[in-house]
Amino acid sequence: MLRIEAVTKNYNSRGRLVTALRNTTLDISKGDFLCVVGPSGSGKSTLLLILGGMLSPTAGRVLLDGQSLYSLSSDKRASLRREKIGFLFQTFNLIPYLSALENVQVPLILAGANGHCQKERAAALLERVGLGDRLDHKPSELSVGQQQRVALARMLVNNPAVILADEPTGNLDPDTSEQIIALLEELNRENRTVIMVTHDPRAAGKAKRTLRLDAGAVTAS
Amino acid sequence: MHLRTIVWRELFERKNQLATSFLAILVGIAAIVSIKNVTFYSEKAVAKELDALGANILILPKSASLQGYYSADMQEEEFPEEYVTRLSSSDLQGLDNLSPKLSVPAEIEGRQFTLTGILPKSEFQAKAAWQGAGIFSRPEGCGEVVGLTSQSPQPAPETLVRRRVIDTLGSAQALVGAEVATVLDLKEGGTVTLLGRPFEVIAVLPQTGTVDDSRVFVHLHTLQELTGKGSVLSAIEIVGCCNQISKGLVQKINRLLPDAKVVTITQVVDTQIKTNRMMSRLSLVFLGIIILVGGASIANYMYANVFERRREIGTLMALGANTSLILRMFLLKAFLLGLAGGVGGYVLGTVLAVSLGPRLAGIPVLPMWSLLAWATGLSLAIALVASYFPARRAAHLDPSVVLQEV
Numbered sequence: 000m001l002r003i004e005a006v007t008k009n010y011n012s013r014g015r016l017v018t019a020l021r022n023t024t025l026d027i028s029k030g031d032f033l034c035v036v037g038p039s040g041s042g043k044s045t046l047l048l049i050l051g052g053m054l055s056p057t058a059g060r061v062l063l064d065g066q067s068l069y070s071l072s073s074d075k076r077a078s079l080r081r082e083k084i085g086f087l088f089q090t091f092n093l094i095p096y097l098s099a100l101e102n103v104q105v106p107l108i109l110a111g112a113n114g115h116c117q118k119e120r121a122a123a124l125l126e127r128v129g130l131g132d133r134l135d136h137k138p139s140e141l142s143v144g145q146q147q148r149v150a151l152a153r154m155l156v157n158n159p160a161v162i163l164a165d166e167p168t169g170n171l172d173p174d175t176s177e178q179i180i181a182l183l184e185e186l187n188r189e190n191r192t193v194i195m196v197t198h199d200p201r202a203a204g205k206a207k208r209t210l211r212l213d214a215g216a217v218t219a220s
Numbered sequence: 000m001h002l003r004t005i006v007w008r009e010l011f012e013r014k015n016q017l018a019t020s021f022l023a024i025l026v027g028i029a030a031i032v033s034i035k036n037v038t039f040y041s042e043k044a045v046a047k048e049l050d051a052l053g054a055n056i057l058i059l060p061k062s063a064s065l066q067g068y069y070s071a072d073m074q075e076e077e078f079p080e081e082y083v084t085r086l087s088s089s090d091l092q093g094l095d096n097l098s099p100k101l102s103v104p105a106e107i108e109g110r111q112f113t114l115t116g117i118l119p120k121s122e123f124q125a126k127a128a129w130q131g132a133g134i135f136s137r138p139e140g141c142g143e144v145v146g147l148t149s150q151s152p153q154p155a156p157e158t159l160v161r162r163r164v165i166d167t168l169g170s171a172q173a174l175v176g177a178e179v180a181t182v183l184d185l186k187e188g189g190t191v192t193l194l195g196r197p198f199e200v201i202a203v204l205p206q207t208g209t210v211d212d213s214r215v216f217v218h219l220h221t222l223q224e225l226t227g228k229g230s231v232l233s234a235i236e237i238v239g240c241c242n243q244i245s246k247g248l249v250q251k252i253n254r255l256l257p258d259a260k261v262v263t264i265t266q267v268v269d270t271q272i273k274t275n276r277m278m279s280r281l282s283l284v285f286l287g288i289i290i291l292v293g294g295a296s297i298a299n300y301m302y303a304n305v306f307e308r309r310r311e312i313g314t315l316m317a318l319g320a321n322t323s324l325i326l327r328m329f330l331l332k333a334f335l336l337g338l339a340g341g342v343g344g345y346v347l348g349t350v351l352a353v354s355l356g357p358r359l360a361g362i363p364v365l366p367m368w369s370l371l372a373w374a375t376g377l378s379l380a381i382a383l384v385a386s387y388f389p390a391r392r393a394a395h396l397d398p399s400v401v402l403q404e405v
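Chains as they are written, first to last, in numbering that gives the first Met the number 0: chain A, 0 to 220; chain B, 0 to 405.
These aren't lab readings, by the way, just hints derived from the structure by calculation. Careful: at least some of the hints might be erroneous.
Here are the in silico distance ranges between beta carbons for each label pair [to be verified]:
hint : chain 1 : residue 1 : chain 2 : residue 2 : range
1    : A       : A123      : B       : L2        : 33 to 43 Å
2    : B       : W368      : A       : C116      : 36 to 46 Å
3    : B       : E12       : A       : P38       : 33 to 43 Å
Backbone N, C-alpha and C define an ideal beta-carbon position, used for all residues, glycine too.
Go ahead and model the full structure; you've got the sequences and the hints to work with.
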């Protein structure tokens, strides 16, 4: 489903060339649950952004269902993200002035869904993540665990085939982390591909396979 | 939910910044609306006052001198009355109170006076060709409209002295100047014999201290008949709209009547033009200030807004928003801000003009609906232009950078 071929990403930081990802090749099949681990600055988030079509590699190709992502224009990549990829962030990235229901509706606005359909689908997903009674609450009125569940519902609303999660449990207490990981496992059982960056060994233990990155290079798989 | 819901909610998320930016555009637009509103009515009032001073354009025979005209307005040469038709049927804008005249010396009861033939407005009404575009219909800001079809009460014959126009004058009627009346002991209702024909004195004109005091006015066509001169004139006096004069009205008349001499009474015209120019310059200065201050304030607000919302923008991009959607989101916000500033500024500016105008300028000021479209258009243009570059910056943010910022 996802393939990266000899991908290298270099940054220029204060006149110095920094290699965030070094000649990496990787195949991720449909329904896989891949966990990416490694120390800070090892290139985990860079890998996730490259897989999500948000950061073009310096060299190499990224293929999603056989389509080379970076041969597309940025607007076409945005459209592909909307249809096939769901992002989950460590800091949830909810829009603070919108309610839980409206936050979940946002990807549907971008997809051009009608108002009634938006509300129905967003409410159903919030119900699924256990927030059916918090539809009109703003993010500031929710606990961090609840906020991450709203973000999860928002990520799911366009029914993505690929889920890219960047330390989704990084800001959560152990119990809430368990709940989020359980939800991701459930989504993986629905044959969605999950790629998760984490520092949490318990979360990593739930994945089908683990990839270790060190200084931009894959050191174990 | 629509994109506009997101924009609307966000508008009220940062109320203080919004209020500052909105106030800048509101106050600016209000200031310029009130100045334009007061200026419009002030220009009208000034034009009306200056209009009362008399004609400001003279059409004379080619060889005539202005000095000669003022001493007795009698020239050696004359020109055809057809010139009036040419002026009336032209598309020249800004001609008002067209007053054709023929003056001849006349001896009345052994004394020398000037006999002047004038054309009353009723003659213009009778001739369809003389109701052509431009005559007696003045553009905006040109003072009082003296319409031929006006239903207002007939002005007294004395208005001839001031406005150089009289509504009706019969073929056997005469108006006599103050000095003539005194010397010949003439009174209203009396009779005077001119060039061998009796005329009824319908009014004795008030004293003016000018050559008009020793004149007797009769109908132009009667005088032409009595003198046997045919359809000729010695002069055409015109009250020209000052704005149009500054736009080259005199040159246009010159082109239309190449065989005549067209002169302006510069003092009157200059005063009118200077006053109006001062007003429009003041408006321009304020326009410049509002564009600078309002535009800078909105641009600053928008740049700050983009900076504060870069994580939100990055998230939207990760969720599939493309560059045009982000651009639209910020421009829609600018549109709402501009629209509110324009409408609010119009309302505030109009209230200020209507309430303060009479006190400051001493003239009645009425609301002008045309300024609503003008104010809204200006406000929208400022808001959209000032927001374009911040919006463009937002649309081209690198999501991979903003999402990795802590």
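Right, here's what the structure says about each hint:
The supplied range of 33 to 43 Å is broken by A123/A and L2/B, whose beta-carbon atoms lie about 23 Å from each other. For W368/B and C116/A, the hinted distance range of 36 to 46 Å is satisfied, since their beta carbons lie about 43 Å from each other. Taken as a hint, the range 33 to 43 Å holds for the pair E12/B and P38/A, whose Cβ atoms sit roughly 37 Å apart.
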